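**Q** Given these sequences and hints, build the entire structure.
Here are the chains, one letter per residue:
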Amino acid sequence: MAADTLVDIRNLEFAYGARQILTGISMTMKRGQVVAIMGGSGCGKTTLLKLISGTLRPSSGEVVVNGEAVHLMDTDGLARHRRKLGVLFQFGALFTDLSVFDNVAFPLREHTDLPEELIRDLVLLKLHSVGLRGAHALMPHQLSGGMARRVALARSIALDPALVLFDEPFTGLDPISLTVTGNLIRRLTDTLGMTSVVVTHDVAESLKIVDEVYFIADGRIAAHGTPAEVRDTRDAFVHQFIYGEEDGPMRFHFPGGSMDADFGLGGARA
Amino acid sequence: MVWGARVLKALASGFSHIGRSVVEGTWRLGYASRFLALVLLRSGLSFGRFSLVVRKVYFSGVQSLIIILVSGLFVGMVLGLQGYETLVRYGSAEALGTLVALSLVRELGPVVAALLFASRAGSAITAEIGLMKATEQLSAMEVMAVDPIARVVGPHFWGAVISMPLLAAMFSAIGVFGGYLIGVVLIGVDDGAFWSQMQAAVDFRHDVMNGIIKSAVFGFAVAAIATFEGYDAPPTAEGVSGATTRTVVTSALAILALDFVLTSFMFTGQ
Numbered sequence: 010m011a012a013d014t015l016v017d018i019r020n021l022e023f024a025y026g027a028r029q030i031l032t033g034i035s036m037t038m039k040r041g042q043v044v045a046i047m048g049g050s051g052c053g054k055t056t057l058l059k060l061i062s063g064t065l066r067p068s069s070g071e072v073v074v075n076g077e078a079v080h081l082m083d084t085d086g087l088a089r090h091r092r093k094l095g096v097l098f099q100f101g102a103l104f105t106d107l108s109v110f111d112n113v114a115f116p117l118r119e120h121t122d123l124p125e126e127l128i129r130d131l132v133l134l135k136l137h138s139v140g141l142r143g144a145h146a147l148m149p150h151q152l153s154g155g156m157a158r159r160v161a162l163a164r165s166i167a168l169d170p171a172l173v174l175f176d177e178p179f180t181g182l183d184p185i186s187l188t189v190t191g192n193l194i195r196r197l198t199d200t201l202g203m204t205s206v207v208v209t210h211d212v213a214e215s216l217k218i219v220d221e222v223y224f225i226a227d228g229r230i231a232a233h234g235t236p237a238e239v240r241d242t243r244d245a246f247v248h249q250f251i252y253g254e255e256d257g258p259m260r261f262h263f264p265g266g267s268m269d270a271d272f273g274l275g276g277a278r279a
Numbered sequence: 004m005v006w007g008a009r010v011l012k013a014l015a016s017g018f019s020h021i022g023r024s025v026v027e028g029t030w031r032l033g034y035a036s037r038f039l040a041l042v043l044l045r046s047g048l049s050f051g052r053f054s055l056v057v058r059k060v061y062f063s064g065v066q067s068l069i070i071i072l073v074s075g076l077f078v079g080m081v082l083g084l085q086g087y088e089t090l091v092r093y094g095s096a097e098a099l100g101t102l103v104a105l106s107l108v109r110e111l112g113p114v115v116a117a118l119l120f121a122s123r124a125g126s127a128i129t130a131e132i133g134l135m136k137a138t139e140q141l142s143a144m145e146v147m148a149v150d151p152i153a154r155v156v157g158p159h160f161w162g163a164v165i166s167m168p169l170l171a172a173m174f175s176a177i178g179v180f181g182g183y184l185i186g187v188v189l190i191g192v193d194d195g196a197f198w199s200q201m202q203a204a205v206d207f208r209h210d211v212m213n214g215i216i217k218s219a220v221f222g223f224a225v226a227a228i229a230t231f232e233g234y235d236a237p238p239t240a241e242g243v244s245g246a247t248t249r250t251v252v253t254s255a256l257a258i259l260a261l262d263f264v265l266t267s268f269m270f271t272g273q
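Chains as they are written, first to last, in my numbering: chain A, 10 to 279; chain B, 4 to 273.
Just so you know, these hints were derived from the structure itself, not from any lab.
Model, not experiment: these values are computed from the prediction.
Incorrect hints may have been included.
Unchecked claim - Some chain B residues near chain A, calculated using beta-carbon distances under 8 Å:
{"id": "1", "residue": "V146"}
{"id": "2", "residue": "M147"}
{"id": "3", "residue": "A148"}
{"id": "4", "residue": "V149"}
To be verified - Chain A is nowhere near these chain B residues, computed Cβ spacing over 12 Å in every case:
{"id": "5", "residue": "A13"}
{"id": "6", "residue": "G28"}
{"id": "7", "residue": "S95"}
What the hints assert, rightly or not - Not close to chain B: a few residues of chain A, all C-beta gaps over 12 Å, as computed:
{"id": "8", "residue": "R19"}
{"id": "9", "residue": "Y25"}
{"id": "10", "residue": "R40"}
{"id": "11", "residue": "P67"}
{"id": "12", "residue": "A78"}
{"id": "13", "residue": "G253"}
{"id": "14", "residue": "F272"}
Quick reminder that beta carbons are idealized off the backbone N, C-alpha and C, glycines included.
**A** Okay, structure coming up:
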């Protein structure tokens, strides 16, 4: 594994029971990069994040983060791995009984013995970096969707992780919040020297901020490259996905029985 | 022949349904036992966050006070009225204090308080844990290397176990006061006889302690059911509402069944 590689995934396979989700996935993510994982709903993107965080174990293959095999870790090893990991959930997953300040302070209080004055300064710095220092006393229900996502981002970087995983960070945001969140991911990755993995559907916003893109279709990597490379792709699925075309390998209709059988045409009735 | 085959098919389907229910029920019971064992094993970590346990005693206990006190008062008043009507026929109205106190301390205090507790606090515990799961707060904790069983479930569990005997004691105390209000103040039973007969008849070890043991067992059962149902709730609105209902129904049945078993050991043949 190259020294600048933080995440190395090799020949990964994963199935929920008999249902195969991921097949032969291999990817590398370098330090300081923002990497996007894209694909249609249910293609296994979020499953991939869970495999990197160690929430799920692969059927076969390897997930190596910072030189350590996540798929082989025991409970203590996973706890150590997760302390160096930040995860931003789709809707933030802020603790609703804690204020914004206490949400960001949560990982610091749980995993460090820092004095409360220092925690206060660190929390306000993290909140300042996402533009919400002034909102530290608010409760999660007083925040907009975009603000909640930014607070969750501040919480996920509270322990200065080497790797941050973003699960659909752009879902349901207005255009301004979308740009703000995208720029924040890029800026924080650069200033903190971390690696960001962004699972997203949002082609326009993500291609503006990422260094590399992986497209997943039917549980396999359909395409991989820089944003410029994937924009010029000849792969029919990736082309359809990037340009939002109705016609292509991804069909509008879910597979089912024939029209004749369903509507009783020609005397047939299902 | 065709009719016979249909009957056989229906029988086979019935047996298969029963078999599936038994297997699923056994599996769920095993899962619940494993969950309870985990909660108990990690109790040290939960009590390490003592302020959280205190907060949950407030959540389960203090916030149930109104319903417990008002219900206890009315139950005591009804006991006073009904008891007087019966006792006066036999010329032993002065034994009203004994009847009210023994009924409350041995039986009605622990049982009715536990039923009210399951409805008020048990359902709230299930809803809170279930919603935390549905909004990915428990998953967020897990990927932050914070054990949700120690951090969320344990404090709720012990908060309920600690609250229940205290609430039952208050229910009985206010119930005795209700009986006093009706019997002595309203009807005019002799004040001295009311209290002295009660004092002579109620044994601390046999009556009061057994009542406390009962309420502690009920508290343990309600806490286990409420936390398990919340933790196991499907992460949807329907899933959480179903789990909340199951908590109330299962707790009520468990309380009544346990009461029969405990009473048969504690108070029969003496």
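**Q** All hints, please: hold or fail.
**A** For each hint, the structure was consulted:
1. For V146(B), the suggested interface contact is upheld, since its CB lies about 4 Å from the closest CB of chain A, less than 8 Å.
2. The restraint placing M147(B) at the interface with chain A holds, with a minimum CB-CB distance near 5 Å, inside the 8 Å limit.
3. With a cut of 8 Å, the hint placing A148(B) at the interface with chain A holds, because the nearest CB-to-CB distance is about 4 Å.
4. With 8 Å as the threshold, the beta carbon of V149(B) comes within range of chain A, its nearest partner Cβ sitting at about 5 Å, so the hint holds.
5. At roughly 25 Å from the closest C-beta of chain A, the C-beta of A13(B) stays outside 12 Å, upholding its exclusion from the interface.
6. Listed as outside the interface, G28(B) is consistent with that label: its C-beta sits roughly 21 Å from the nearest C-beta of chain A, beyond the 12 Å cut-off.
7. Remark: the non-interface label on S95(B) is consistent with the geometry, its nearest Cβ contact in chain A lying 54 Å away (cut-off 12 Å).
8. Listed as a non-interface residue, R19(A) keeps its Cβ farther than 12 Å from every Cβ of chain B; the least gap is roughly 23 Å.
9. The beta carbon of Y25(A) sits about 16 Å from the closest Cβ of chain B, which is more than 12 Å, so the claim that it is off the interface holds.
10. Distance check for R40(A) against chain B: the nearest CB is about 21 Å away, which clears 12 Å, and the non-interface claim stands.
11. For P67(A), the non-interface assignment is confirmed: its Cβ lies about 17 Å from the closest Cβ of chain B, beyond the 12 Å cut-off.
12. For A78(A), the non-interface assignment is confirmed: its Cβ lies about 18 Å from the closest Cβ of chain B, beyond the 12 Å cut-off.
13. Interface exclusion of G253(A) from chain B stands, the closest Cβ pair being 28 Å apart, more than 12 Å.
14. Residue placement check: F272(A) keeps its beta carbon more than 12 Å from all beta carbons of chain B (closest about 31 Å).
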